[in-house]
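Quick note: the sequence shown uses the numbering used here, first residue 2, plus one each step.
I should point out that these hints are in silico values taken from the structure, not numbers from a laboratory.
Treat the numbers as computed from the prediction; the structure is a model and nothing was measured.
Just so you know, even glycine gets a beta-carbon here, dropped at the ideal spot from N, CA and C.
Wrong hints could be hidden among the right ones.
Unchecked claim - Calculated pairs, EDC-like style, for lysine to aspartate or glutamate (alpha carbon to alpha carbon, straight line, at most 20 Å): (1) K114 x E39; (2) K102 x D73; (3) K102 x E65; (4) K24 x D58.
To be verified - If you anchor each label on the Cβ, the simulated ranges turn out as follows: (5) H78 x P99: 19 to 25 Å; (6) Y19 x G100: 26 to 32 Å; (7) L112 x A75: 35 to 41 Å; (8) N27 x A85: 34 to 40 Å.
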Amino acid sequence: MPFEAINPPQFPTPIAPYSAGAKAGNTVYVSGVLALGEGGIVLHPGDAAAQTRAVLDTIKTTLEAAGATLADVAFNHIFLKDLADYAAFNSVYAEYFPGPKPARYCIKTDLVKPECLVEIASIAHLA
2 MPFEAINPPQ
12 FPTPIAPYSA
22 GAKAGNTVYV
32 SGVLALGEGG
42 IVLHPGDAAA
52 QTRAVLDTIK
62 TTLEAAGATL
72 ADVAFNHIFL
82 KDLADYAAFN
92 SVYAEYFPGP
102 KPARYCIKTD
112 LVKPECLVEI
122 ASIAHLA
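Could you build all of it, start to finish, from the sequences and the hints given here?
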């Protein structure tokens, strides 16, 4: 099945060869999102809550470009650099998913840039 690449024009140039998202049929896949600005500059260094908000805002924009919303998200892949940030992450995450919660997993791992604290990839399904 062919897919449509989703690359909102307001996004900075990706730091690697990928699309922000891909829509295949009624499914939208959002690539792993880090809190990065133009030129790969890390936003909000040292602030996991602010990075989480930036990441989820980027996911929201990508989904909207594909005709979806955060309410359509069925699964999130979450990566944290430090599990000490888990509570701050969850506090912001709960604001973005106030209704039924998507399935998810959370893994502690190094991320592509040392200043990055949070990465999320999402899968959404359209009705």
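Worksheet item: Given the proposed pairing of K114 with E39, does the C-alpha separation stay at or below 20 Å?
Response: Holds, at about 14 Å.
Practice prompt. Starting from the hint 34 to 40 Å, judge whether the C-beta atoms of N27 and A85 obey it.
Written response: Because 38 Å falls inside the window, the suggested range holds.
Discussion item. Against the 20 Å threshold, does the CA-CA distance of K102 and E65 hold or violate the hint?
Written reply: holds, 19 Å
Discussion item. Holds or violated: the 35 to 41 Å window for the beta-carbon distance between L112 and A75?
Written reply: violated, 24 Å
Worksheet entry | Verdict for H78, P99 (Cβ pair) under range 19 to 25 Å | holds, 20 Å
Fill in: Pairwise beta carbon distance, Y19 to G100, judged against the given window 26 to 32 Å
holds, 29 Å
Worksheet item: When you check the alpha-carbon spacing of K24 and D58, does it fall within 20 Å?
Response: With Cα atoms ~18 Å apart, K24 and D58 stay inside 20 Å; holds.
Worksheet item: Taking only the CA atoms, is the gap from K102 to D73 under or equal to 20 Å?
Response: holds, 10 Å
Of the numbered hints stated above, the single one contradicted by the structure is hint 7.
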